[in-house]
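Asks: Chain by chain, the residues:
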Amino acid sequence: MQIYVHPGDELPIYRQIVRQVTDAIAGGRLRAGERLPSHRELAIQLVIAPLTVKKAYDELERAGLIGTQRGRGTFVSDRLPAPDPVLKRERLREAAQRLLSQAALSGVGYDEVLSLLEELQKEMQA
Amino acid sequence: MNALEFEGIRRAYRKGVDVLDGVTFSVPPGQVVGLLGRNGAGKTTLIRIAMGMIEAQAGSVRVLGLDPRARPVEVKRRVGYVAEDQILPPFMKAGQVVDLHRALFPTWDEALAERLSRRFELRREEKVGALSKGQARRLALLCAMAHRPELLLLDEPASGLDPAARREFLETAIELLDESGCTILFSSHYMTDIERMADRIVMIHDGRVLIDRGLDELREGFSLALVPRAPGLTRERLLGVEGCIGVRERPEAFHAVLRLEPEEARAAVERQLAIGDVRCQTVVLEDMFVELAGGPS
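Taken in sequence, the protein lines are chains H and S.
Numbering follows numbering that gives the first Met the number 0, in which position 64 of the first sequence is assigned residue number 63; successive positions increment by one, without gaps.
Numbering follows numbering that gives the first Met the number 0, in which position 112 of the second sequence is assigned residue number 111; successive positions increment by one, without gaps.
Isolated chain H (complex conformation):
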């Protein structure tokens, strides 16, 4: 997978890496057992301090998403942890917030938003 970091971003660089790797695992672009670049490789590839990569990997490891095998490298975990319910709700809340703001700006009423959600739900189940 390709990682791209942007130093002027709202998120610090190590968080950008954490997020991109997390999203890639969640989206199936990184599969269990797949090897990640080493600290050194990623630092040179992204032109960032090696310690920043280490910090990102440490965080991903703490979250149980990746594991280090001594001498072999860093791999996506075979068994991924169940998502954190608080974080899950928080993310959903953010998305819902955006949806409601967009609806309000477009002059779309709450009932209409609800019927849109029902419609989408049906499409997904179909």
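The hints are simulated quantities; they were obtained by calculation from the structure and are not laboratory data.
Incorrect hints may have been included.
Within a straight-line C-alpha distance of at most 20 Å, the following computed EDC-like cross-link-like pairs (lysine to aspartate or glutamate) qualify [claimed, not checked]:
| id | chain 1 | residue 1 | chain 2 | residue 2 |
| --- | --- | --- | --- | --- |
| 1 | S | Lys-92 | S | Glu-125 |
| 2 | H | Lys-53 | S | Glu-174 |
| 3 | H | Lys-53 | S | Glu-219 |
| 4 | H | Lys-53 | S | Asp-177 |
To list a few chain H residues with every Cβ distance to chain S over 10 Å, as calculated [claimed, not checked]:
| id | residue |
| --- | --- |
| 5 | Gly-7 |
| 6 | Arg-39 |
| 7 | Thr-51 |
| 8 | Ala-62 |
| 9 | Phe-74 |
| 10 | Gln-96 |
| 11 | Asp-110 |
| 12 | Glu-111 |
| 13 | Leu-119 |
Just so it is clear, CB atoms sit at the ideal spot from N, CA and C, and this is done for glycine as well.
Here the structure of chain H is known, so what remains is to put chain S in place on it, guided by the hints.
Replies: Just chain S now, kept in the frame of chain H:
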């Protein structure tokens, strides 16, 4: 042992006007410190004091445990230094400059010098005076790095370079960092370069260390509060809020930087000043710099 130690450094250029007025911080081995401050804040002075080129009027400096004024040769052998306006002798050929450095440094790594030389496309026969600014900086960088210094002192190493040359410079520094784990202190006005390279930020303002924090801690643990103007609300009252380290007055609002996460910062300002409608957010390094250095001092 720390790679670098500044203890109570003072230095004035004109009588009574201190550029550095008691600067204290130390850098453990392997750390990369971004040194921030406005022009004239004393960054160059501090780096020159570490190189033993000028003397502090008070305080002490230790470079790799040594006093650079007492042991100048040993310090210079173990340190790599690139200055903003590196003066290389214009009449010498690039190759002669490299040869000179090779002779001066017992730890010179010829393979590394060759590699950098190829990468930077340096031509030995070219006169230094005929080099472009970018080429001259690359030559200076090669000379500062090829002896694999334990400590690199970089004073605005990228100023005047185009974005491609700057990126190449960073790539080289990161490779070296990765290979030899050297300690780096570098000043730059390119905040994105600092975000790429630094583990820690030291910001000098009004002659002293205003901020000394891990970069990520600064990015996530500090907030900018936008405080709408209100009757009786002054800069001084805001500065009195716990954790507030700087206030800048703007026409529509006060901008306050707090040593707190956004939620805590908002609560602190609203509670302690009994006001509402305060917006708080984390900020990128560039904005942090402007907020802290741009206000009246």
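Asks: Decide, hint by hint, whether the structure agrees.
Replies: Against the structure, the hints:
1. S:Lys-92 to S:Glu-125: Given that 20 Å is the threshold and the Cα spacing comes to 5 Å, the pair holds.
2. H:Lys-53 to S:Glu-174: Distance of about 15 Å is within 20 Å: holds.
3. H:Lys-53 to S:Glu-219: Since the Cα atoms of Lys-53 (chain H) and Glu-219 (chain S) sit roughly 18 Å apart, the hinted pair holds (cutoff 20 Å).
4. H:Lys-53 to S:Asp-177: Status holds; Cα separation ~12 Å.
5. Gly-7: 5 Å, violated
6. Arg-39: Per Cβ check, Arg-39 (chain H) is inside 10 Å of chain S; nearest 5 Å; violated.
7. Thr-51: It is violated; Thr-51 (chain H) is separated from chain S by about 8 Å at its closest Cβ, not greater than 10 Å.
8. Ala-62: Its Cβ never comes within 10 Å of chain S, the nearest being 16 Å, so this holds.
9. Phe-74: 21 Å, holds
10. Gln-96: Holds: least Cβ distance 16 Å, greater than 10 Å.
11. Asp-110: 31 Å, holds
12. Glu-111: 30 Å, holds
13. Leu-119: It holds; Leu-119 (chain H) is separated from chain S by about 32 Å at its closest Cβ, greater than 10 Å.
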